[in-house]
Amino acid sequence: EAQVTQNPRYLITVTGKKLTVTCSQNMNHEYMSWYRQDPGLGLRQIYYSMNVEVTDKGDVPEGYKVSRKEKRNFPLILESPSPNQTSLYFCASTARGRYGETQYFGPGTRLLVL
Amino acid sequence: GDSVTQMEGPVTLSEEAFLTINCTYTATGYPSLFWYVQYPGEGLQLLLKATKADDKGSNKGFEATYRKETTSFHLEKGSVQVSDSAVYFCALITQGGSEKLVFGKGTKLTVNP
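Just so you know, the sequences run in chain order D and F.
Heads up: the first sequence at position 5 corresponds to 5 in our numbering, and the numbers run straight through without jumps.
One rule links them: number in our numbering = place in the second sequence (from 1) + 114.
Heads up, some of the hints might be wrong.
[Unchecked claim] Mimicking DSSO-like on lysine-lysine, the simulated pairs with C-alpha atoms at most 27 Å apart in a straight line are:
1. D:K57 to D:K17
2. D:K65 to D:K18
3. D:K57 to F:K219
4. F:K219 to F:K166
5. F:K219 to D:K65
6. F:K219 to F:K191
[Said to hold, decoys possible] Some chain D residues well away from chain F (every beta-carbon gap over 10 Å; in silico):
7. N7
8. V14
9. L19
10. T22
11. N28
12. Q45
13. T55
14. V60
15. Y64
16. E101
17. V113
Because the hints were derived from the structure by calculation, they are not lab data.
Computed from a predicted model, the values in this text were never measured in an experiment.
For every residue, glycine included, the Cβ atom is placed at its ideal position computed from N, Cα and C.
Build the full structure now, drawing on both the sequences and the hints.
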């Protein structure tokens, strides 16, 4: 089954404690990205990756890092989380087809930073 | 920059009512347009899409037509069900290399029996 998986699904942490949210896709897509969803703001892109070892900032990259060492994995790293990073995070993987691109989303990771 | 504006929610309807959620966009180039749905406690699912002017996307009784002249992509359903209760997001991807989705802020729909 084609899917995007994220772990953990729920996480409570404290300010300054480094954490990593994993993302994996089994569709051999080149393009992957991370979004955060906040009430009243919709979804905003944090970082994206166009292929292995190719990453770039999205609209709200401050406080986040990513890496893309393998095509299937695209972890999101918070080196020193702060309460304003409390949010719902989605990883997405993009299929490029004859009729344009379509993004497939993971189930989401709900993060609370105390 | 590119942007998407969709009607403010929440929207509350009775079962079998007609649904319209308005969506307009601003973009350079020729964007592909999408509607995503997020059911309570779940991630986003692609509901329908349209890639060029006058295309109609449809799925599960929902429809939306890509109107270039009015830069709109309104979502419609003739008869909603309780199971359609969710948050609906309009989004675009600009063609020409960038795969970034630009989202509207979402419209929460509640359908009562």
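- Query: Of the hints stated earlier, which fail here?
  - Reply: Violated: hints 12 and 16.
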